[in-house]
Amino acid sequence: MVSVITRALCLLGAGTVLGLAVNGVRSDGVRFARFAPPSVCTMTVAAGEAPGPAPVEALAPQDAAGLCGDPSTLIADVRPAADFAEGHVTGAIHLPCTASGAAASAAVDLFAGRRTPVAGPQTLIVYGDGTDDARRVADELRQRVRRRDLRIVVVSGGFGAWSQAGLACSSGPCLHCAAPAAVSASVTGAPAGAP
Amino acid sequence: MIPAAAIALLLRLALGALLIAAGLLKLRDPTAFAAEIANYQLLPGGAALLAATLPSVEVVVGASLIALPRAWRRGAACAALALFVMFTGAVASAYFRRINIDCGCFGTGGGPIGALTLLRNLALLAAAATVLRLDRAPAGERPAPAVSG
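Residue numbers (my numbering), protein chains in the order written: chain G, 13 to 207; chain Y, 5 to 153.
None of these hints come from the bench; they were simulated from the model. Note that CB positions come from ideal geometry on N, CA and C, so glycine has one too. Just so you know, not all the hints are guaranteed correct.
Far from chain G, by Cβ distances over 10 Å, these chain Y residues were calculated [claimed, not checked]:
hint: 1; residue: 7
hint: 2; residue: 8
hint: 3; residue: 11
hint: 4; residue: 22
hint: 5; residue: 25
hint: 6; residue: 52
hint: 7; residue: 53
hint: 8; residue: 59
hint: 9; residue: 65
hint: 10; residue: 71
hint: 11; residue: 83
hint: 12; residue: 103
hint: 13; residue: 124
hint: 14; residue: 127
hint: 15; residue: 130
hint: 16; residue: 141
Beta-carbon label-pair distances, calculated as ranges [to be verified]:
hint: 17; chain 1: Y; residue 1: 72; chain 2: G; residue 2: 48; range: 55 to 63 Å
hint: 18; chain 1: G; residue 1: 97; chain 2: Y; residue 2: 32; range: 23 to 31 Å
hint: 19; chain 1: Y; residue 1: 72; chain 2: G; residue 2: 36; range: 22 to 30 Å
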């Protein structure tokens, strides 16, 4: 058995060395230093009909805020990091277009219900500077998640409209957002409710 | 009844051809294949290295299963088993995380991961294990076990 494993390792090693050599001489070989893993908005999703969520809905900030107290609701902020740091809806996770696919997968794990104390249907609220940037990420995530009972909504008008409406955000109290805030901390590693 | 040697021959030829085909298809566009690997979100930093080496490993192991003498064929079957364990683990991970990505099993556009993909990988894993078990020298040709005392 030892000789079998030794020969297996020899073959795997030979293939690895051959692969590195071939890749090195190819003009279209993969470049280790320059290869950028896919981000949220450049991930490759499988073609064809996937059993994913229903089409993304657009909700007015007041209506979206009505979902805020639901512990099965997750809020995602797609704006740049600097804007997110200046203020965001309490409990929101930061999930910009440029976020790594790993961040998206962590969010997908949340949607699948394995990292939340709440089972069953969940709602994802996505907001950005406006409606379009949020919809782009929301559409990408919709293709990514195989779950029919996940509701995905974008906030019409984005964070500006949310703030103007005087709804809960990081600079104001949001007693009802305690549960989503805890979920946010598990994704971002940031303290719940931190700006 | 089909002799074990015939089953081993058929399985190793089929597995060898499959691995060579899969490796050659992946070699067509290594950068796209690296993106496919990265989509699994299992080895964020190793996607490029795997994309550069995995296709050649598959071709070498596949060719060894078909063309080399028995001792090396068994080594190739062991290597194929290790590869299929890795592939099945990756596919199962994506399937149970319910993420919608292409399998990348035969380069780009290999189709979405589903229960059938998982079953196919388990079947390939079982086939490699069967080759490793059945492709042995006949009893009369094996070295006699050492007798102690």
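Results of checking the hints against the structure:
1. Every CB of chain G lies more than 10 Å from the CB of residue 7 (chain Y), the least distance being 22 Å, so the non-interface label holds.
2. A cut-off of 10 Å between C-beta atoms confirms that residue 8 (chain Y) is not in contact with chain G; the least separation is 17 Å.
3. Remark: the non-interface label on residue 11 (chain Y) is consistent with the geometry, its nearest Cβ contact in chain G lying 19 Å away (cut-off 10 Å).
4. Look at residue 22 (chain Y): its CB is around 15 Å from the nearest CB on chain G, clear of 10 Å, so calling it non-interface holds up.
5. In this structure residue 25 (chain Y) is separated from chain G by more than 10 Å, as the shortest Cβ-Cβ distance comes to about 15 Å.
6. Separation of residue 52 (chain Y) from chain G is inadequate, the least Cβ-Cβ distance of about 4 Å not exceeding the 10 Å criterion.
7. With a least CB separation of 7 Å from chain G, residue 53 (chain Y) falls inside the 10 Å interface cut-off, contrary to its annotation.
8. Consistency note on residue 59 (chain Y): stated as away from chain G, yet its beta-carbon is not over 10 Å from all of that chain's, at 6 Å minimum.
9. At roughly 6 Å, the least C-beta separation between residue 65 (chain Y) and chain G is not larger than 10 Å, which violates its mark as non-interface.
10. Once the 10 Å rule is applied to beta carbons, residue 71 (chain Y) is consistent with being away from chain G; the minimum gap is 12 Å.
11. Residue placement check: residue 83 (chain Y) does not keep its beta carbon more than 10 Å from all beta carbons of chain G (closest about 4 Å).
12. A beta-carbon of chain G is positioned within 10 Å of the beta-carbon of residue 103 (chain Y); the least distance is around 5 Å.
13. Listed as a non-interface residue, residue 124 (chain Y) keeps its Cβ farther than 10 Å from every Cβ of chain G; the least gap is roughly 15 Å.
14. Every C-beta of chain G lies more than 10 Å from that of residue 127 (chain Y), the closest at about 21 Å, which supports listing it as non-interface.
15. Residue 130 (chain Y), annotated as away from the interface, keeps every beta carbon of chain G farther than 10 Å; the closest lies near 18 Å.
16. A cut-off of 10 Å between C-beta atoms confirms that residue 141 (chain Y) is not in contact with chain G; the least separation is 12 Å.
17. Distance hint for residue 72 (chain Y) and residue 48 (chain G): a CB-CB separation of about 39 Å, inconsistent with the stated range 55 to 63 Å.
18. In this structure the supplied range 23 to 31 Å is violated for residue 97 (chain G) paired with residue 32 (chain Y), their Cβ-Cβ distance being about 43 Å.
19. As the Cβ distance of residue 72 (chain Y) to residue 36 (chain G) is approximately 26 Å, the hint placing it in 22 to 30 Å holds.
Of the numbered hints given earlier, the model fails hints 6, 7, 8, 9, 11, 12, 17 and 18; all others are met.
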